[in-house]
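A.B. asks: This is what each chain is made of:
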Amino acid sequence: MSLVQNFPFFSIILAMFSGILSSVLDGKKARNVSLAAIVMTTVMSAAVLHFCVRTGQSYTYMMGHFPAPWGNEIRAGVLEGQTAVLFGVVMFLAVVGGMDHTAMDVEESKQNLFYIMIDLMLSSLLALIYTNDLFTAYVFVEINTIAGCGLIMIRQIGRSLSSAIRYMIMSQLGSGLFLIGLSLLYDVTGHLLMSPAKEAVAAIEAAGLYEVPMLVIMAVVSVGLAIKSGLYPFHYWIPDTYGYATPTASAVLSGLVSKGYIFLLIKIFYRVLGRENVIASQIVNVLFVFGLAGMLMGSVHAILERDTRRMIAYSSVAQIGYIYMGIGLGTQAGMVAALFHMFTHSATKALLFISAVGLYEVSGDRKDFRSLQGSGYRNPLAGIGFAVGSLSMVGFPMLSGFISKLLFATSALQSPHKMLPTVIALAISTILNAVYFLRLVITLYTIPEAENAAGKGNDKRQRVFVAAKGQGEASAFPASSRKLRLAIVSFILLNLVLGLCSQPIVNQIGNGLTMFE
Amino acid sequence: MKEILLAVPVLLPIAGGAGMLAMHLGTGGKNDDRRLMLLTAGLVAVNSLVIFWLLRFGTGAGLVLFRLFGNLTVRFELDPMGRVFAGLIAFLWPFATLYSFEYMKHEERKPTFFAYYVMTYGVTSGIALAGNLVTMYLCYEMLTLVTFPLVLFPMTKEAKRASRRYLYYSIGGAAFAFIGLVFVLSFSRTGNTDFIPGGVLNLEAGRAQRNLLLLVYVLAFFGFGVKAALFPLHGWLPKATVAPTPVTALLHAVAVVKSGAFAILRFTYFSYGTEFLRGSWAQEIVMAATLATIVFGSTMAVREIHWKRRLAYSTVSNLSYILFGAAMMSPLGLAAALSHLAVHAFMKICSFFCAGAVMHQTGKTQVYELDGLGKEMPVTFACLTVASLSLMGIPLFGGFISKWNLVQAAFACGSRSDGMMSESAIALPAAAGAGVWLPYVGVAVILYSALMTGIYMLTVLVRAYFPKVAVGDTGGEEGGNCRSQEGRTKFRDPGWMMLTPLLIFAAVILVLGLHSAPLMRLLAEIGGEAG
Chain A
80 MSLVQNFPFF SIILAMFSGI LSSVLDGKKA RNVSLAAIVM TTVMSAAVLH
130 FCVRTGQSYT YMMGHFPAPW GNEIRAGVLE GQTAVLFGVV MFLAVVGGMD
180 HTAMDVEESK QNLFYIMIDL MLSSLLALIY TNDLFTAYVF VEINTIAGCG
230 LIMIRQIGRS LSSAIRYMIM SQLGSGLFLI GLSLLYDVTG HLLMSPAKEA
280 VAAIEAAGLY EVPMLVIMAV VSVGLAIKSG LYPFHYWIPD TYGYATPTAS
330 AVLSGLVSKG YIFLLIKIFY RVLGRENVIA SQIVNVLFVF GLAGMLMGSV
380 HAILERDTRR MIAYSSVAQI GYIYMGIGLG TQAGMVAALF HMFTHSATKA
430 LLFISAVGLY EVSGDRKDFR SLQGSGYRNP LAGIGFAVGS LSMVGFPMLS
480 GFISKLLFAT SALQSPHKML PTVIALAIST ILNAVYFLRL VITLYTIPEA
530 ENAAGKGNDK RQRVFVAAKG QGEASAFPAS SRKLRLAIVS FILLNLVLGL
580 CSQPIVNQIG NGLTMFE
Chain B
252 MKEILLAVPV LLPIAGGAGM LAMHLGTGGK NDDRRLMLLT AGLVAVNSLV
302 IFWLLRFGTG AGLVLFRLFG NLTVRFELDP MGRVFAGLIA FLWPFATLYS
352 FEYMKHEERK PTFFAYYVMT YGVTSGIALA GNLVTMYLCY EMLTLVTFPL
402 VLFPMTKEAK RASRRYLYYS IGGAAFAFIG LVFVLSFSRT GNTDFIPGGV
452 LNLEAGRAQR NLLLLVYVLA FFGFGVKAAL FPLHGWLPKA TVAPTPVTAL
502 LHAVAVVKSG AFAILRFTYF SYGTEFLRGS WAQEIVMAAT LATIVFGSTM
552 AVREIHWKRR LAYSTVSNLS YILFGAAMMS PLGLAAALSH LAVHAFMKIC
602 SFFCAGAVMH QTGKTQVYEL DGLGKEMPVT FACLTVASLS LMGIPLFGGF
652 ISKWNLVQAA FACGSRSDGM MSESAIALPA AAGAGVWLPY VGVAVILYSA
702 LMTGIYMLTV LVRAYFPKVA VGDTGGEEGG NCRSQEGRTK FRDPGWMMLT
752 PLLIFAAVIL VLGLHSAPLM RLLAEIGGEA G
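Going down the list, the protein sequences come from chains A and B. Position one of the first sequence corresponds to residue 80 (the numbering used here), numbered consecutively onward. Position one of the second sequence corresponds to residue 252 (the numbering used here), numbered consecutively onward.
Calculated directly from the structure, the hints in this document are not laboratory data. Where hints are given, some of them may not hold.
[Stated by the list, open to error] Taking beta-carbon pairs under 10 Å as the criterion, some of the chain B residues facing chain A (in silico): (1) Arg318; (2) Gly321; (3) Arg360; (4) Glu392; (5) Pro400; (6) Ala426; (7) Leu432; (8) Gln460; (9) Leu466; (10) Val467; (11) Leu470.
The C-beta atom is built at its ideal place from N, Cα and C for all residues, glycine as well.
Using the sequences and the accompanying hints, generate a full structural model.
C.D. replies: Structure below.
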């Protein structure tokens, strides 16, 4: 066994210990520890990815020399490596980009707490990605929830407290269902490790036993994780959560946390329940329908929304809908599309949240999107970042969103009954996306009437604008903008990479999925 | 090596325009203006020269710029049909730029305007040179992006609303065109979306899913049709006339809308292939839609009293002439469509430029304000007369030729005396009933539209040449009365920068009317190959 193979385990532990270490440090040091941990885990994940690509196979890693049915296992393959690397990069950039806002929004004495939460989040995400054990997955799901709650709550304004409670309740409902599913599964199969559980499931299915319990397990696990990732009818916690947290937290929660659960769901589908069984049980069709509904309704809500960040949050609902639609197609290609969209959405949504911050900075931090008028000129880079993110979400060619859309559409053609609904829903959803995203982009680049026609002068808009300008100048922090700029530029590059060099990534996703089975 | 040149007309203006945006050129000072003009003129001129060079000396094989994904390559190629469009825009753009120099003289934020103006040139060349459907789709989306700042340019409330509407319509259209792209990709017999005369569909696989593919065709037709202002989706075009006139003229009469029409021609003749579509219900639907648009557009133009909007409605109807040609799905239809595409470009840009010249010199925008201007701005209105007569389809003018081609193609299509018989009469026994009477309706529609064109164009001319000032005591003529009492200063023709393009375009219309044979021969060849 080479050293690289230990890395998944190391990175989980490293992230967790840096959280523990941070509890005795002050804010700044905690932040540096966090950043170091993120960088190191990302590098390690990259090494794992490289190892798996080079050897062309995945491996399981036994913890503490206890063999299969008793011990705990970690599994690493191409897909795991890819996801971990991407999550690491996005997390790093989100933390860097939102750093100064975190310093501003969070009370001095609680700064280190914020970074502890980030560390725990990282560690739980990595564990969700790497684990080969269902119960470990459950434990880290809970850790993830708690860390998420902490990240939301730490801003300590009224709305963020209530939204944290809402998040807590919905998440607990989801974890509860997930736990029920796991207990049933344990009851039926007698295993909690994924690989033996899968064999047991296969045997059960072959014997035609436990039809109803198996169906219940699939339903309960899917619905539990769907609630946690915010699939359409269970999305009520999303807008408040993403809308009122600090920028870093919003970017991390929307970009990564929901994706961690989706990744887990896909992993369970493939590695425990068996893809064929899931398809046969019609659960995928349910997910498909909810996904389609989410794609459309999320966008409709976003159109009705006036607050920029809540708008972006509702767009997440739509994007999660896309992902579930891809899973719901039930084909390998659909799954690849869903996973790729997961990547796309992580990169893009974080970009949007972070550049929105840049725009708010120069517009006086008001909620209404109309206050952002002209901010694209005041903070050009953030404007470009937001425009790129928006265009990617609309599916503009050369950006990552286009590739996802293409993958969804081409994979839909393989399933005759779902083909037309999918492509039509894609088209309609593109239009809806365009309506709210590009409305915002236009707002960024319009010169307020007051400035344009100075003669008209004294209307309300102008006063608002002038006030906004004044505040913007007051709250402008020159030191911050460099980090923010770095984050925005890197996110834009990440988007372009995903859009232009997607072929190897998609190939590897396909490889990773075959390794899953 | 030669192939590399293919990317130049696309990338040079885009890069140049982006550079102009990034440079933060100043405005106001005389030097600033001169530098801006030189830069713009240089970029446009060099680009046109490159295109002409390519047209003259050929290009060899296509150029694959990069690979988007899998078989989706961004590929440029100059095939005969692309030549027509590329040549057209390479000819029009320098003159339109010249015109806009004078027109925009007193505007603020000129650098932004010209930067996007130049970028649009590159993107439009991209559509002309696109060697496959993906590249065209890419450029089609980019076209929306680079042109909407131009609509937004006046920054008035109206402009904001118009640009938003334009954006939604275009992106929406592209979303449906995207469905077409995906289906073509999946059902292609070559595995990619390259344009091949006669289409790339795998006919055997296609036949099994015939109705589905036809439905997708209709969706994509309407999707691309958004830019070509097809009837229920035309709403953005009249609104977009709030943009400065050079934009309305060049983009909303030529580049943008023609890109839509061109895309439909490509999609119909080079991706789906006419063999698959001819005689199907899809053909009937799209043809009916184009005919409805012609009727609607020309009727609305008569109703409209805002001059530029009237011309925009005229564009709506005229674009559907092209689409009607496309919907015939025969060699003659393609040739006729292309000929109208070329001729209409000159006619409409000429009329718009006249309207712009009047707006620029006098500030008048409504048709009823034009009384007597014909004598004060003789050159402008002479050019307008030529364009109007040509639009009506009077013999000796270019418009007659293309309309003649269209009607001829329609008769042929109705009696199925051309390509249909020769190649696929056997393949389409069931299609005998389809598309037989619609082309004849089309002929009637074209006649009706010619009549309406006469009304809406000639009323302008009558106003201008034969003012009612003498009997100006009726309520509607108050303006005229006042003016004559004030003894106002006379309006004059605009400067040479605006007049030269007008004169040249008018001359081209006449030349096309009198000596169209070489162009028509070329178009007929294209038609014969692809239809």
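A.B. asks: Going back to the hint list, which numbers does this structure go against?
C.D. replies: none
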